[in-house]
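Participant: Here is what each chain is made of, one letter per residue.
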Amino acid sequence: MRKLLLILVPAFLVSSLGIVRAQAPAESHSVWDGVYTEEQAKRGETVYQKECAACHGAQLTGGESAPPLAGGVFQANWNGLTLGDLFDRIRKTMPLSKPNSLPRQQVADVLAFMLSNNKFPAGKAELYRQSEMLKEIRFETKKPAAKD
Amino acid sequence: MLCKSVKKGSLQLVCLAAILSLLPAAALAQYHPKDTEWPSYAADLHGTRYRPLDQINASNFNDLEIAWRIKTDNFGDRPEYKLEGTPLMVNGVLYATAGSRRAVIAVDPESGELLWIHGEHEGKRGGAAPRQLSGRGLAYWSDGKEERILYVTPAFRLICLNAKTGQRVSSFGENGRVDLKLNDDQTISDWNDKHEWVPNTETGEIGIQSAPVVAGDTVIVGAAFREGMTPRSMRNNKGYVRGFDVRTGKRLWIFHTIPKKGEFGYDTWLDGSAEYTGNTGVWSQISVDEKLGLVYLPVESPTSDFYGGHRPGNNLFGETLVCVDLKTGERKWHFQLVHHPLWDMDISSAPILADITVDGKPVKAVAQPTKQGFLYMFDRVTGKPIWPMPETPVEVGNVPSEWYSKTQPIPSKPPAYARNGVSIDDLIDFTPAMRERAKEIASKYHLGPVFTPPTVSNLDGTLGTLTMGTASGGTNWPGGSYDPEKHIAYLYACNSCIEPIGLVPAPKEVSDMRYVAGVAGREVQIMRGPGENAGADSPKPPKKRPASQYQRLEVDGLPIVKPPYGTISAINLDKGELIWQVAHGETPDVVRNSELLKGMNVARTGQETYNVGTLVTKSLVIAGEAQVTTTADHPRGAMLRAYDKTTGKEVGAVYMPAPQSGSPMTYMIHGKQYIVVATSGGASSGEYIAYTLPAAGE
Chain A
1 MRKLLLILVP AFLVSSLGIV RAQAPAESHS VWDGVYTEEQ AKRGETVYQK ECAACHGAQL
61 TGGESAPPLA GGVFQANWNG LTLGDLFDRI RKTMPLSKPN SLPRQQVADV LAFMLSNNKF
121 PAGKAELYRQ SEMLKEIRFE TKKPAAKD
Chain B
1 MLCKSVKKGS LQLVCLAAIL SLLPAAALAQ YHPKDTEWPS YAADLHGTRY RPLDQINASN
61 FNDLEIAWRI KTDNFGDRPE YKLEGTPLMV NGVLYATAGS RRAVIAVDPE SGELLWIHGE
121 HEGKRGGAAP RQLSGRGLAY WSDGKEERIL YVTPAFRLIC LNAKTGQRVS SFGENGRVDL
181 KLNDDQTISD WNDKHEWVPN TETGEIGIQS APVVAGDTVI VGAAFREGMT PRSMRNNKGY
241 VRGFDVRTGK RLWIFHTIPK KGEFGYDTWL DGSAEYTGNT GVWSQISVDE KLGLVYLPVE
301 SPTSDFYGGH RPGNNLFGET LVCVDLKTGE RKWHFQLVHH PLWDMDISSA PILADITVDG
361 KPVKAVAQPT KQGFLYMFDR VTGKPIWPMP ETPVEVGNVP SEWYSKTQPI PSKPPAYARN
421 GVSIDDLIDF TPAMRERAKE IASKYHLGPV FTPPTVSNLD GTLGTLTMGT ASGGTNWPGG
481 SYDPEKHIAY LYACNSCIEP IGLVPAPKEV SDMRYVAGVA GREVQIMRGP GENAGADSPK
541 PPKKRPASQY QRLEVDGLPI VKPPYGTISA INLDKGELIW QVAHGETPDV VRNSELLKGM
601 NVARTGQETY NVGTLVTKSL VIAGEAQVTT TADHPRGAML RAYDKTTGKE VGAVYMPAPQ
661 SGSPMTYMIH GKQYIVVATS GGASSGEYIA YTLPAAGE
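These protein sequence lines are chains A and B, in that order.
Every letter in the first sequence is one number past the one before it in our numbering, and letter 110, counting from 1, is 110.
Every letter in the second sequence is one number past the one before it in our numbering, and letter 129, counting from 1, is 129.
Isolated chain B, as found in the complex (with noise of 0.2 Å):
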């Protein structure tokens, strides 16, 4: 009534909003998340990436300024160069994960002042772990009256703040603390000196970068590992999947994603090979239907990305969107997306929730977005796929002792949204000397499209054979936003990340696998990623072809495949339809500034990078660049860009000093729109920047 005279618009929500604000805390019976608040690490639990807020759109994007900024430099013993994280804002607070030992800040949302910090020094088992830095997010619980944080540290511990204070809540776990390397149904190990396989949670390898999911009172928590491709052996820990009690730390479930013996799925292991392979974690987003009761969970390759002759069979449920029971963990449904999957498509983003209409009928659907460029759709329910995905013969390999699945799901709608194959029409065709030059890089691999095998990597043959669509390929752990009012899901694909996947010979003192990925003529290089003491097992240098000598896969330093580099669809649910598709990002500065295509009318290219996440509001699709350019309009530096979410047609841009790391988020408070975005890399340190529209009269 106090703001009925109040005139409308913001002013009237302010008015509100101070009203509300005098409230007792105990007045809130149930915590319910608000439009104008940011929950969960993907604004809900359904994946959605979207807030109906519209004080930011298409007449007012350009004028948008930096509110606050936060470096994350000192939230750890080191500035950090990879900052992905998604805040929450959530009851007035601002909470992230920042710095270099993934510490939890608290931040004020209209201010940026730190509130509070807490970080847990983990020692040698945090240097050892997989998946380290900032981490992509945590989460938030509140019965209403309590307010708590949780998040999983780089060393594999869950942990639950008191979210006022940021102090660990001591009835969680031990003392706030659930050591998630224990009570996993394994025993997390090892290789010792001996090449022995031990017990040893220090530096067993198990980890996690996402956040945690908080559905009703349960927790779930996935799995991490270190990156695929050279595995030192065919054994590793495995990724199974948990379901904690909020308040307790309890553990309510555990679904093995690899089986157990006599468990569903075991026989698509052949020769006991579900034993001793690891890996197959659920390293990205969870998704959960709390109405239903059923958690989505988006599965990641077995151990050993492109070679899997050590584990025969279609490998249940690596690669596989599995339905389980948010109280039980009992699994639902499934559906294998890849069948003994040798392309490292990790399903790598949230599986998006949507009440769709098809064929005029209401279905409750899930759609999942993929490296490989398929939004593959089902029926979240019963797990039906909405449109047919029929078993499509593909290519059988001949690389020696590889077990080959001869057949592969293959949505017929929608239809892909990302190049998921290598042609010679897919080469760079600026001019015809670049084309020819192309072809003859190309033809040193073997090409073809969607689920075209590895190949061993030959001199006088095939180095391999060249993919997109596959490690870095499509939509990554960023993920797709989705529109809950108008069906639509907007996807950011790389359109242009290229694999080349060749197979090596893996010397025994390197790795026990058959097979590792690499190129012929050079010492087997094994890719571990940070964690491991670098010097310990360094490959001797290399005798052959010097690293200056390596074929890149580029013409003139223009990258092989020609435009779009990286695009954003619009894709409408209800009919299985590509509205739109847009190139994302400023053409690259190699290519705007080559010489060799002066004069030429080169249409904005979009960039290669596979890690750009998307926002939807009410009218627009906002995305940062990933990538730095140097232009006539900004120096040194990246934009964010938004779209008309009906047309696709760029609306705005503003400058951000740094390439967009993490993905955009939005709130309201106190009647302003802000957009918070996690910016790092190259020369820039991790910084959280907010924008928000200037004061009026400004």
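With the rest of the complex left out, here is chain A (with noise of 0.2 Å):
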């Protein structure tokens, strides 16, 4: 019984608080572990479309003005760094015309709406809104080899 209330308290923080996670297994912690959730996708998916479309376009393929954001090509480009650098590059240059303007935590929602784009899978924490934690999450777009 004890051994199950273990397990079962810090799943409760997990689900309530969505802030507390589960330590991190030793080796990655990857846009490939489930790191935002599909509640927060959604929420980003109406800001982005408000904020970022008109520029990026409703399917995030990309304008004349702006790069695509979901695919191959805005994948490459930023494989190997992290959600931390992304995050702080939409925080403090976007959107275009008024940069620096989006609270953080619509800015986590908008990137948890673009890694739900390019089919990163959800999990059950919300993404953060700390850019210190954010660092911790690699962005890498070769899915890692199924764990035993």
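None of these hints come from the bench; they were simulated from the model.
Nothing here was measured: the structure is a model prediction, and the numbers come from that model.
All C-beta atoms in this analysis are idealised placements derived from N, C-alpha and C, irrespective of residue type, glycine included.
Incorrect hints may have been included.
The calculated lysine-lysine pairs, modelled on DSBU-like cross-linking and capped at a C-alpha distance of 35 Å, are [as the list claims (entries may be wrong)]:
{"no.": "1", "chain 1": "A", "residue 1": "142", "chain 2": "B", "residue 2": "444"}
{"no.": "2", "chain 1": "B", "residue 1": "71", "chain 2": "A", "residue 2": "142"}
{"no.": "3", "chain 1": "A", "residue 1": "142", "chain 2": "B", "residue 2": "598"}
{"no.": "4", "chain 1": "B", "residue 1": "508", "chain 2": "A", "residue 2": "98"}
{"no.": "5", "chain 1": "B", "residue 1": "444", "chain 2": "A", "residue 2": "143"}
{"no.": "6", "chain 1": "B", "residue 1": "618", "chain 2": "B", "residue 2": "164"}
{"no.": "7", "chain 1": "B", "residue 1": "71", "chain 2": "A", "residue 2": "50"}
{"no.": "8", "chain 1": "B", "residue 1": "413", "chain 2": "B", "residue 2": "364"}
{"no.": "9", "chain 1": "B", "residue 1": "598", "chain 2": "A", "residue 2": "124"}
{"no.": "10", "chain 1": "B", "residue 1": "575", "chain 2": "B", "residue 2": "327"}
{"no.": "11", "chain 1": "A", "residue 1": "135", "chain 2": "B", "residue 2": "71"}
{"no.": "12", "chain 1": "A", "residue 1": "50", "chain 2": "A", "residue 2": "142"}
{"no.": "13", "chain 1": "B", "residue 1": "598", "chain 2": "A", "residue 2": "135"}
{"no.": "14", "chain 1": "B", "residue 1": "413", "chain 2": "A", "residue 2": "142"}
{"no.": "15", "chain 1": "B", "residue 1": "327", "chain 2": "B", "residue 2": "413"}
{"no.": "16", "chain 1": "B", "residue 1": "444", "chain 2": "B", "residue 2": "34"}
Computed far set for chain A versus chain B, every beta-carbon distance over 12 Å [what the hints assert, rightly or not]:
{"no.": "17", "residue": "74"}
{"no.": "18", "residue": "123"}
{"no.": "19", "residue": "125"}
{"no.": "20", "residue": "126"}
{"no.": "21", "residue": "131"}
{"no.": "22", "residue": "132"}
{"no.": "23", "residue": "136"}
{"no.": "24", "residue": "143"}
A short, non-exhaustive set of chain B residues, derived as facing chain A with CB atoms under 10 Å [unchecked claim]:
{"no.": "25", "residue": "81"}
{"no.": "26", "residue": "683"}
{"no.": "27", "residue": "685"}
Build the complex: two chains, separate frames, hints provided.
Facilitator: And the structure:
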């Protein structure tokens, strides 16, 4: 019973607070680990259509003034960097006409939507809005080999 | 004489240069650009992007080192991630546009030391500009005594600077500025809150990114607008071209790219549509034949890239190559490449002026690279096509209320150098399964050759017409390069920039157009680009299909069309023949690392980028990659590649920490050759990087 409690309590914290994460596995913490929630991505889509789509396109395919935000070309740009890099890039320089204007939570939500659009898996915890936490999440285009 | 005793080669050049530099500046009777300089955006006024330099060649290209780098982060109010400039190097100084407010910098070409910077602070008018950031370049003028730099700001002002100090020349225009939103034979206007079209120079849509052109004592400026797939209205400001006196800023002439009533071509806009239709500017690079006194204008699409129902008729001079007089702006000849444009085939780059020999006879030609992958060639004096361009019947579409041209001119020679239609055979074919999947996706679209018209987007029928060689196809703003010694044009092309063109009815609160570009089942998304309060007219969130369910034009993450994705072609202009064509650019990570292609030997595919500029020298064609890759040979970054210009064989490549985003240029100073290229994109903010050979002994 006690063992069960030890398992259940942390799980409760994760689901209710959405902040506390289970300990990261020893090796990797990347965009393949379910680092955002579907609910968050839905919120992010609303912000995206309002603030970003006029340049980047409703389907993230890009336009004359702005590159695509999904697909191989976009992913190649960020492969090997961290979500903190991408988050800060968005937060400080976007949208182009009024950079640094979106609150951190909205930027995190938009990033969650972008991850969803790029077919990275959703998980149980929302994407962080703190840059230093996001710096711990690697952006990797190659899906890691399945664990046993 | 003094230098003769010195050994031959670069040391002799250094000796000569040292002596020349001792001459007083007044000894230069008139300004004559040297072969070692890069005095104009495209190297020269003929659009060649060519320099006869060969110190950097196949034997040493791989040894290139970074000589200096300049980050443009602090030249504006924030870093920019889209640095598209080509610097100039004249009379011992390198000049470039840089930074988020399009400042001008003067830089020591050997060390990269900043000599001066000039930025115009344009407030709200700058923020509202349709084309922002540092733009593509600037122009230089000298009479042998005075030296000036001219450029156009995002807010559409022509600025004239003293090249030595970076200060505005007070005798030019109003204290060094000409407001291009004025004196334009039209009242620049914008929509107010009551949906009325009223005069407004602050937010009225017009601007430019390209460099002005200086020829003799005339400076010529075109115009650009927002992207035109989903215009807010059939009405817009017009993109006339103007020539100004380079000393005083006085307007010398204006060419109406949309004719006014009574002018030639007005009747190619039926129902009086020339009155309200706009755009139709020259946003790209203008070329000039100074000896002939002729200016070559590559004109863009009229308002609304893909639906022309509000502008019936052929729409002169949309998507037309126009030749005007340098002194008067009077039209000498013109040739419309696309009648009643419906495919966003803006003439996107500098016309190349080439003196060639056709069937044994010398011809002063002009060769126009295009998005549609045709190189249109004309006698640049008379406008007569070098080889026939027969009016060819094309598919007539069925979009309600549209007007169609039943024919389009199609060059018989040279052959198309990039894909400009879509057929099943163009689809991905690494494996039969992939081809089948691609056919399944493509079955929802209308396919056809070049000039297949757009369709209304229909969930039960076709989603649109699948195209290549349209919006971002073929050759775009960086243009091509031309070797005047061998008469060969080198053209980069996107060979895979696939564009689905479907039309949807536009809701009245979003646009007064009957149709705009869109996909059935989605709320209309007005594409505006920057310079607009993004929140003001935001569409409601989609009800039916979330973006995540949008069917991407890719198969297992790979491009839906087969390689090569991007190419460089060499075309002999004397014969109108393709000599060689290579895939340019490392195979993208997503293809190289694909589990599904493991074990297959996939030849280098090139990259699906639309904006790669080339440079041609005495022996090399040089172009960088515009896409980031991470390979076994280099960390995440891109390569600057050199090809033997005779064979197309790659002879060298050096690493760039970020993708090429501007076109490479080259110069020689004090006996040393440099290559400078603008890089930016993704995680990397703008940086000009200069390469040179290591010093002897290193």
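Participant: The structure should be examined with respect to each hint, and the outcome stated for every one.
Facilitator: Now for the hints, and whether the structure bears them out:
1. 142(A) / 444(B): Holds - the C-alpha atoms of residue 444(B) and residue 142(A) are around 30 Å apart, at most 35 Å.
2. 71(B) / 142(A): 31 Å, holds
3. 142(A) / 598(B): 13 Å, holds
4. 508(B) / 98(A): 27 Å, holds
5. 444(B) / 143(A): 30 Å, holds
6. 618(B) / 164(B): 31 Å, holds
7. 71(B) / 50(A): Status holds; Cα separation ~32 Å.
8. 413(B) / 364(B): 17 Å, holds
9. 598(B) / 124(A): With a Cα-Cα distance of about 33 Å, the restraint between residue 598(B) and residue 124(A) holds, given a limit of 35 Å.
10. 575(B) / 327(B): Holds, at roughly 33 Å.
11. 135(A) / 71(B): At roughly 24 Å apart (the allowed maximum being 35 Å), residue 71(B) and residue 135(A) satisfy the hint.
12. 50(A) / 142(A): 31 Å, holds
13. 598(B) / 135(A): 31 Å, holds
14. 413(B) / 142(A): 45 Å, violated
15. 327(B) / 413(B): 33 Å, holds
16. 444(B) / 34(B): 56 Å, violated
17. 74: Violated, because the least Cβ-Cβ distance between residue 74(A) and chain B comes to about 8 Å, which does not exceed 12 Å.
18. 123: 16 Å, holds
19. 125: 20 Å, holds
20. 126: 17 Å, holds
21. 131: Consistent with the label, residue 131(A) stays out of reach of chain B, its closest Cβ about 14 Å off (over 12 Å).
22. 132: 17 Å, holds
23. 136: Its Cβ never comes within 12 Å of chain B, the nearest being 17 Å, so this holds.
24. 143: 8 Å, violated
25. 81: Constraint on residue 81(B) satisfied, holds at 7 Å.
26. 683: 6 Å, holds
27. 685: Cβ of residue 685(B) sits 8 Å from chain A, so the hint holds.
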